[in-house]
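With the hints as constraints, model all of the structure from the sequences given.
Heads up: the protein sequence lines correspond to chains R and Z, in order.
First residue of the first sequence: 0, per numbering that gives the first Met the number 0; consecutive thereafter.
First residue of the second sequence: 0, per numbering that gives the first Met the number 0; consecutive thereafter.
These are calculated hints, taken from the structure and not from any lab test.
A hint or two may mislead.
So the derived label-pair ranges between C-beta atoms look like this [unchecked claim]: (1) Z:D108 with R:V49: 29 to 37 Å; (2) Z:D18 with R:I139: 15 to 23 Å; (3) Z:H29 with R:I139: 32 to 40 Å; (4) R:P107 with Z:T17: 32 to 40 Å.
Within a straight-line C-alpha distance of at most 25 Å, the following computed PhoX-like cross-link-like pairs (lysine-lysine) qualify [to be verified]: (5) R:K61 with R:K37; (6) Z:K113 with R:K133; (7) Z:K61 with R:K113; (8) R:K98 with Z:K61.
Selected chain Z positions facing chain R (in silico; Cβ < 10 Å) [to be verified]: (9) V16; (10) D70; (11) D91; (12) F95; (13) C97; (14) C100; (15) G101; (16) D108; (17) V114; (18) G130; (19) K137; (20) P140.
Here the structure is a predicted model, which is why all the values come from computation and not from measurement.
Glycine included, C-beta positions come from ideal geometry on N, C-alpha and C.
There are 2 protein chains.
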Amino acid sequence: MKFSDYKKLLKTHELRVTDCRIDVLDKFHHSSYAMSFKDLEEDLAEYDRVTLYRTLHSFIDKGLLHRIPGDEGFASYALCPQECGNHGHHHDHVHFKCKLCGHIECLPDFSIPKVEVPEYEINEQSLVLNGVCKICKKSIP
Amino acid sequence: MKFSDYKKLLKTHELRVTDCRIDVLDKFHHSSYAMSFKDLEEDLAEYDRVTLYRTLHSFIDKGLLHRIPGDEGFASYALCPQECGNHGHHHDHVHFKCKLCGHIECLPDFSIPKVEVPEYEINEQSLVLNGVCKICKKSIP
DNA sequence: TCATTTATGCAACTAAATTGCATTTGAATT
DNA sequence: AATTCAAATGCAATTTAGTTGCATAAATGA
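Quick look at the structure:
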């Protein structure tokens, strides 16, 4: 994806085009894993931490990113599927967390099996798998 | 559950019997929802924050409680099913978070559907449903 | 009841994330 | 291109969740 594409993407999500947003967007598009705030901060040290946090928030609000709560006390963030927009997120994919490399991936090809709970109304489902990812599995006999 | 039962429960989980542990255990046994650290702290203000945190940790280590990472940046804790012990957790039940009352419940009668991902090794699964709980649903037409 | 181990309380600290405010920048309009 | 105004940024300070070190107190087992 090139600059003009990012620009378009931001505009269609009601977001102003700024250097920081372009760079953050670019980072996410080049990462196959969900990224923590720290990952982002290390690579984009030229921007203030607060600006990066606010960029994440605006992206989440407008449906560009989704937040994956982590069990180590901090969250990770990943690109949304195209269905997400300014009017809420519509996620259905599974997240995988590797206990060896620590990476969190979205598995867009795996959708979450529906669970019906009588008398409850279910709006969203989030399934996080924990184990050993494809790459790490190859490196251990 | 009475004092002697809590005492027994602690002993079988290799934990010393202390006032704080009894009170924390009692709190969890009387709550139908998962509790955040804040919930606990409010009700058991007589104990130091650090002691409460350490109580939670020891309970998690010994298989009495499990931790449910929350999407607002803090975790909740709930009693484990009996299968959990000193040698790891064996959870299979679904968690439900109500967007109206904010409560998180364990749904012990609903187990997580198995998802197979080729080339990946899956060790744990966590499914969190988001929506409106039974009680809140009744109070809205 | 004594000795040993473990738990507690306090203070200080770390790390994640947020808020307020002055300044700068984006983009729509003239 | 210059003007304008809302929105984005950077900085400092603050909040909140959770942790660590250490002296004291309490629980267990002999």
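### Query
What hints, given by number in increasing order, does this structure fail?
The structure conflicts with hints 1, 2, 3, 4, 7, 9, 11, 14, 15, 20, although it agrees with all the remaining ones.
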